[in-house]
Structures are given as C-alpha cells and as structure tokens.
Amino acid sequence: MTLALNIPDAFSIQVINLCAAVMLLLGFAMLAQRRILSLINLFMMQGMALFASTLIVAYTTNQSHLYWSAALTLTLKVIALPWILHRLIRKLSVKWDVETIINIPTTMLFGIALVVVAFNVAQPISQLSGAITRATIGIALACTLLSFLMMITRSKAVPQVIAFLSMENGLFFAATSATYGMPMVVELGIALDVMVGMVIFGVFFFQIRQQFDSLDIRQMERIKEE
Amino acid sequence: MITFYAFLAQLIELIAALLLAPLLVGWINQCRAWLQNRSAPPLLQTYYTLHKLFHKDVLLAHNASPLFRAVPYLIFACMALASAIVPTLSTTLILAPAADAIAFVGLFALARLFIALAAMDVGTAFGSLGSRREMLIGFLAEPALLLIFFTTSLISHSTSLSSIVKTLASTDFIIYPSLAFAGTAFVMVSLAENARIPIDNPTTHLELTMIHEAMILEYSGRHLALIEWASALKLFAYSCLGIALFIPYGISATAGIMPLLTAAASMLVKLAAMGFGLALIETLSAKMRIFRAPEFLGTAFLLAVLAMLVHLLLEVGK
Amino acid sequence: MNELLFVLAIPLAASILLAFTGHRPYAANINIAGSLATLLAAVLLTIRIVRDGPMNVLGENFFVDPLNVFLIALTALVGFTTSVFSRPYMRVEHDHGKLSVGRLRLYHSMFQMFMCTMLVALSTNNIGILWVAMEAATLTTVLLVALYRTPESLEAAWKYFILCGVGIAQALFGTILIYFAAEQVFGHDPGAMLWTRLFERRSELEPTVLSLAFVFMIVGYGTKTGLVPLHNWLPDAHAEGPTPVSAVLSGLLLNVALYAILRCKVLVDGALETQFAGQLMMGFGLLTVVVPAFYLSRQKDVKRLFGYSSIEHMGLITFAFGMGGGIATFAGLLHMTVHSLTKSAIFFAVGHAAQMAGTQVIEDIKGLIRRSPTIGWGLMLGSLAILGMPPFGVFTSEFLILTTAIKYHPWATPILLVALGVAFASMFAKVQGMAFGEPTVKPLEHNPALLPVFLHLGLVLMLGLWIPPYLNKWFLLAAQMVG
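Going line by line, the protein sequences match chains A, B and C. Read in order, the letters of the first sequence correspond to residues 1 to 226 in the numbering used here. Read in order, the letters of the second sequence correspond to residues 1 to 318 in the numbering used here. Read in order, the letters of the third sequence correspond to residues 1 to 483 in the numbering used here.
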C-alpha cells in the first residue's frame, strides 16, 4: 500500500508545491495590480490555487474532511465572493484604479523582505512537521504577510477588503499545509465569519460612499488626534 | 575520441548559430506580419540585408576614433562566442569548461559596455541618449539575469552551463516551481535585452522611444552588417539559453551522430515555436514608456529573487 | 439541564427575538429581561461551579472553571446593568433624532448577539471556536460602533474593523500553530484543539512552535485588548459609538481578549518552562501603561479620554499577568473586575452628561453637579475610583500590582508610578472642570437610569474594603490555575 502510494505521493508533493508557488506569485501580482477588476480576478485565481492544493492534499492523504474544506473554498472564495465583489463594483461604479500609499516598486521590495522573514520563521516549523505539505508553510505565511502589506498600503476600501480576504486565503492554506486542515467545526465557523464580514462590508461600502462621496479612505480624516 | 567529438559538436554549433541566427529573425518577422495581417517580407530577408550592407562602403564620422571602428568586430566576437558556448545541441563541447553562467553574463556586459562607448564616441545627441538608456536597462537586467542563473545553479550545484543543462535534461520529470518563476523572469529579461517590445521597438526610428537603434545610427556598411548580425546572434543565444535551461529535453548528453541529429531536429522545432511565441508577445503588447521600464525589469528581478527563495524553501532537502 | 446552556441560549434567543421586535417601544424591556435572565443563569452557574468545581458541557466543547466562570458572571452582570442604562439613554437619542427605529432594532439585536459571542468565547473549550467567537464579536461591534452612520462613526468603525481584522488574522495563525504543535502530541484528532486536553499535556508541546504561536497570539488578541502600539482603533471606537457600546467594549470585550491571551499563556508557560510569555506580556503591558498616560492630557473628547484610560488599565492588567505568581495574578483578576465595573459606571455617567450638554467636548460640559447631582457625583466618584483613590477597589489591586513589582521587578516600579501620576493629574483636572463650575448643561427630559452607576461604584467600594470570602477563594483558585 505504501509502496503504491509512493510515486503519486512524490508527484502530488510537486503539484502542491507548484500550487503554493502560484499562490505566492498571485500574492505578488495582487500587490502590483493597479486595476480593481483584475485584482478581483487575481483573488479568484488565488482561491482556485488554494482549492486545487486542498483537493490534492485531501486525495493524497485520504482526509475526507478536507474535501469539504475544498468545496467550501470553491463556493466561497472562487464563486461567491468574487461575484459579490463584481456586483459591488458595478453597483457602486467605483473608479477602476487602485491607489496606493507607497509606490508599487517599493511595496514589492518590502514584499520580498517579508517573504524572506516568513521563510525564516517557518523554517523551524517545517522541520518539525511530518506532513507532506510541510515545505509550503513558509509560503502560506508569506502569502498572509503579503496580503497584510497590501492592506496597509492601499488607500481605497475595496482593495483593502480584497487584501483582507486574501489574507484569509493564506491562513487557510497555512492550516491545510501545516496540519491537513483544522477540525470541521472551526473551518465552518471561520467561513461563516468571512461571509458575514463580507455582507457587512457590502453595507459599509454604500454607507461610506454616501457619507464621503468616495471610497477613498484618505477622505476619512475627520477624527484627529488632539 | 571524446575530444574530437566535442570539437566537432562545438564547430557544428558555432556554424549553426552563425547561419541560423538571421533566419530566426526572419522567422519572427514572418510570424509577426502574419499575426498582424500584413504581408510578410521574405523569410531570408535578413540575409539579403546583411549581404547588401557588406557590399556597401563604410562612411565614418570625421571625429570617429579607432575604438568606433573596432567595436563592431568586438561585439560580433562576443556574441558569436556567447552563442557557441550555450549547449544547444550537445553538452559535450570543447568550450564547456569556459561556458560558465557568470562568464556568459559577463560577455553580454562587455558587449554592452563597448557599444555604449562607441555610441558616445562620435558625440551625437542620439548616441549618448541611446547609451544612457541602454545602460539603465542593462543595470536593471543584469542582476535579474544573474539571479536566474543562480536559481538554476542551485538546482544543479554548478554554475557551468553544460552541467546545468545536463542535470536539468537528464533527471526524471520533476516540477520545479522555482523554474517557472525563473522562466518568466527570463522571458522578461530577454525582451528587454534584445530590444523587443514592450521595452524597445526593433523597427522604430522615433527618437523619443528608441534605445538600441539610437546607438547604432552612426554605423554603416560592413560595420552595421556586423552589428545587425551580432544582434541576431544575441537573440539566438538568448533563445537557445531559454530552451537549454527551461525546456532542455532532447539535448544530447551522450556522444554520437544520431543523438546529435535528433537534438538538432528538436532544436529547430523549439526555436520555431519560440520565435512564434516572441512574435505573439510583441503583437499582443504595446510598447511601454521608457519610465516604466525600471518597473518592468524590477518585476523580473523580483520574480528571479522569488524563484531562488522558492527553490530554497520548497526544493531543498528533499 | 445545564445552566451554561441557558447562559448561551438566552442572549441568542433574545437577539433573534429583537431582530423582529427591536423597533417596538417595549424592545428595551425585552433587552433588559433577556440580560436579567442571562445574569440569573450565570449566577446559578457560578453557584454550581463554586460547589462542584470545574465541569465540561456538551461533550468537551464547553468548559467552565473558576477562571472563566468569574468572567462569565462579570460579563452577565455588566451586560444587565448596561441594558438597564441603555433604555433611557437610547430613548433620548431617539428623541433627539439621532437614531431611527430601524437603527434601534439593529442596536438591540446586536447588543444581545454581542453578549452571546462574548459568552461563547469565554466558555468554549476549543481554541478554534474561541477565535471564531472573537471574530464574531468584532463583527457585531463594528455594526454597533457604526450605528449613528455619521462620517466619524463610519471612519471609526472602518478603522476598528481593518485593524482588528488584521489582528485577528494573526491570532488565527497563532491558533493554527498551536493546533500544529498539538497534532505532534495527539495525532490528527479534533480533540487536539480542546484547551483542557492541551492543558493536561502542555509540557509535551513543542516549545519553539508554542513560543512563535504566542507571539502571534499576543499581537492578534492584543490588538483587540488595545495593547500599544496596536491600540489606535480603541479611542475612536469608544468615542464614536453609542455610549452603552463604549461601556461594554471597555468593560467586557477588552477583558475577553485578554482572557484569550491568558489561556494561551498558560499553555506556553507549561511548554516552555521559561519566562518568555510573561516577559513579552510585561513589555507590552508596560508600554501600554506609559503611552496612553501621556495622551490623556491632550484629549478634548470625554469618551476618547476614558477610552485612553481603558488602554492604560489594560496595560496594567497585562503587566500583572505577565509578572505571574499568585499575588500578581490575583491582583490582575481583581483589577479586571474593578476596572470593568468602574469604567462602565463612568461611561454610563458620561453618556448622560454628554446628552445633557449636547456635545462630547470636555470644555463645553460644565457644572454637572449643580444641574444633576447624581450624574455629576457619579462621574466624579467613578473617576476618583478609576484613578486609584482609596478606598475603592482599584486602589487595592493597583497597590498589590505595585508592591509585587517592587519586590520582583523594581526597575518597572518608577515607570508605573510616573505613568499613574501623569494619568491622575491630567484626568482629574478635566473631570473636575466637568463636574463643578457654572452649568452649561441642560436637564434631561427622561429620568436617567442611575441605579447601574451606583450599583457598580458600590461594588467597587465594597471590593476595596472587603472581599467576600467566597469571592476571595474563587480569585485564589483562578490565580492558582493561571499560575
């Protein structure tokens, strides 16, 4: 049995690693992206990479609950959220450009630094892990940190939210790669939170635009530190 | 015996490079015209142009120094050597010990330095403008290229091009995510280095946008022919390098005539595909403003760094 | 039948009920009734725990021990008094045209939902569910902070959401890491996320992973606790949300976030057998005491002022837990209790004061005592209590924290004393200006509910003079657990 699994194992590890690399690449692409619509598409692709890797991990390790997790990713991150975001963009007729607080090349350099940090932090953890996906823990952390960076360097509400959601992607990926996913009830809870959060965001976008005539966070400077 | 074979293979490679390089340029132009719904120039147009230029007289500016006259030969030599040391057909080459990845980058840097000097030599405005832009691009592209080589070197534990290609071609099919990153970065660097769209337009003479063409405006006759040939060789060398590093299957690692022939056949197919790909990229993208070039190359650099990091994380220790 | 189920189910049911009836005139009464029922259930639960000791509920998914039962009781109590306070307060807001009936419905429903998420967070045994409940608490409070829909409140809510969203994502990574470490010990088993099981085998957990996890946890949940430098959202959210929300944010939510950190610290201490977690908490705590103390004097908005004061006290509690040991932990728990009670009492008084003045700007609120002695004295006494004047309970706990610091970490004592002194000077001057002087404020058209203010202050006074023996035993048990 183990012998029979060996060769597909080696191959699935490679495919999972490839998915991880793609996720990281997409993380950077999102960081560099200047158009909101492309940003949503990139987010969707990241969800797809996550879905693919979760599915492969589920298949290789026979963890049935991971199938559920993969299905959840597919419905939520690949279908539902991008759809909601697309609708929001159309309804709000948001300007197409993403505005950044720091220029993009500098952000990218910060991004590289974060990746190095993430890899270093993850190194000791990976060594302890027995999971076939252990090598990808660093990438998962890097994806999370990149989204974090994106969140603090964007000045519009919609990109910030996409960054937030992509951070969730990174964390799910971390959970899958470090521990083959968390218990079902926790994953469901997280998914529920994300969904509710998204709905609240949607309401918020309208409110913010109504009050500020724009979704630019820099307009929000009414509260001043005295 | 091996030495003789290596010598022979080397010779074949050099001749093939010299002869095929203009053909590759012709093929790309053909594809491009086809993709853009234009009627194409003949496939052998580049040969005709070279032939015509070699038969024309050389016109020199009155203040041109000897350097100006020496540079075309120097560049041609650099490029010929560069395309000879890339293991395109076989990894058993007589120059293999010299074919180091870093030396390869150095060869290009040498050529770049001299062509920039020559462009400034006559003292025209376009010449210095072109060299300034060329140096800017070179300064951004070279580190990226080096990092790409480092990634492949890390995989094969060697900086020698022959052993890199040997390792990559001989192992079983393994997905290297790092190579995907490095490959993308390599394509971007190649576009910039070979003065292709979106960084530079090889067919333009519009002063605001040209880079490479601005440097060679003062050349004529056989000098220009050599430089054009050298550019074709450079493109050929880059294409071969791309093939050797990222799709090395088919390059013969063993001595023999048959492997050499199959290698040549697969080489031709891959080159044709590559040329078509390049034409496709050039058709689909628009030339970007010169100020955006640093960002483009910065992205290439970033990808190269990522390739290395991803390799260190995912592929080491397995 | 189990009391805990009631504690969790009543707020949930009340929230659903209020989602349909929250706009009716009697909704505030339902709110009070729900909170009262929760409080009664919590009291029964407490009695049971005091009598029978720790217990598991619903399999092992929920867990009640001396540490969290005391917080559950406190949460239910402050939740109840806040609902009492909010009845007249929200009526005034409605009369002033600040809130539509639809908003009132949202407020009532979300208030109960918020209570529910906090109680789940406190009683769950699963560190994953703890995270989920904390995130849910963030989401409900985001809605509450943005209740007025003014540009300022939206800004505050957005800032709150983004900062806490980022923070809580770090906490999720920390949770994943703990689960990862647990998996090495337990194998792939959903039980590996249960705190009680982790606690039993805490010495087997991998130290490297746990210390890393703790860093993520303290950054993550620390954002919600308001630890400097992650505190930016807190004054805004306190100032721009409705006052009852400020009261429960300060009085309860910060405690719950700190509780989450505390649970992790216990595990990490067990695995590491060094002072790493404690030192980290002490560092964060000290910073959190010092920085806001210097911000206090610059505040012009009264609710921001007390928001900063909450940050400072959270720092003090974090520092106390960081020092560890029986006395410091005891003092930390006591301080948690008295701070919750005092701060929410202050916010009740401040809420009515701001309504009387029609503004939250400190300079425009004057002569409260002349106009309404109860509100004025409530604010004055509350402020004196929070500043650590004897004989209030805050004095006792601060005294214990300081003496422990003098004994074990003498270097920190002058820093703490300076910070507390600065806080005293800047806050007392401002509150004095509000309480005395020529009145600028108008009386309220409805009778304010001042019972909660004096109930809280009375309890704080009692805790300063005499801690009832069963409460004492209970604190000691909890302190023993935390170590």
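Note that these hints are calculated values from the structure, not bench results. Quick caveat, the model's predicted, so the values are computed rather than measured. Each hint should be verified, as a subset may be incorrect.
[Said to hold, decoys possible] Distance windows between CB atoms, simulated:
| hint | chain 1 | residue 1 | chain 2 | residue 2 | range |
| --- | --- | --- | --- | --- | --- |
| 1 | A | T75 | C | L58 | 25 to 33 Å |
| 2 | A | A80 | C | I406 | 53 to 61 Å |
| 3 | A | D9 | B | L35 | 42 to 50 Å |
| 4 | A | A80 | C | N2 | 30 to 38 Å |
| 5 | A | A10 | C | F199 | 52 to 60 Å |
| 6 | A | A80 | B | R289 | 50 to 58 Å |
Every residue, glycine too, gets a C-beta built ideally from N, C-alpha and C.
Now for the hints, and whether the structure bears them out:
A hinted range of 25 to 33 Å holds for the C-beta pair A:T75 and C:L58, which are about 28 Å apart. With their beta carbons about 57 Å apart, A:A80 and C:I406 fall inside the hinted range of 53 to 61 Å. Checked against the hint of 42 to 50 Å, the pair A:D9 and B:L35 passes, with Cβ atoms roughly 43 Å apart. A hinted range of 30 to 38 Å for the beta carbons of A:A80 and C:N2 is consistent with their spacing of about 37 Å.
Distance hint check for A:A10 and C:F199: the Cβ-Cβ separation is about 39 Å, which falls outside the suggested range of 52 to 60 Å. The hint said 50 to 58 Å for the Cβ distance between A:A80 and B:R289, and at roughly 39 Å that hint is violated.
Checked against the numbered hints given earlier, the structure breaks hints 5, 6 and satisfies all the rest.
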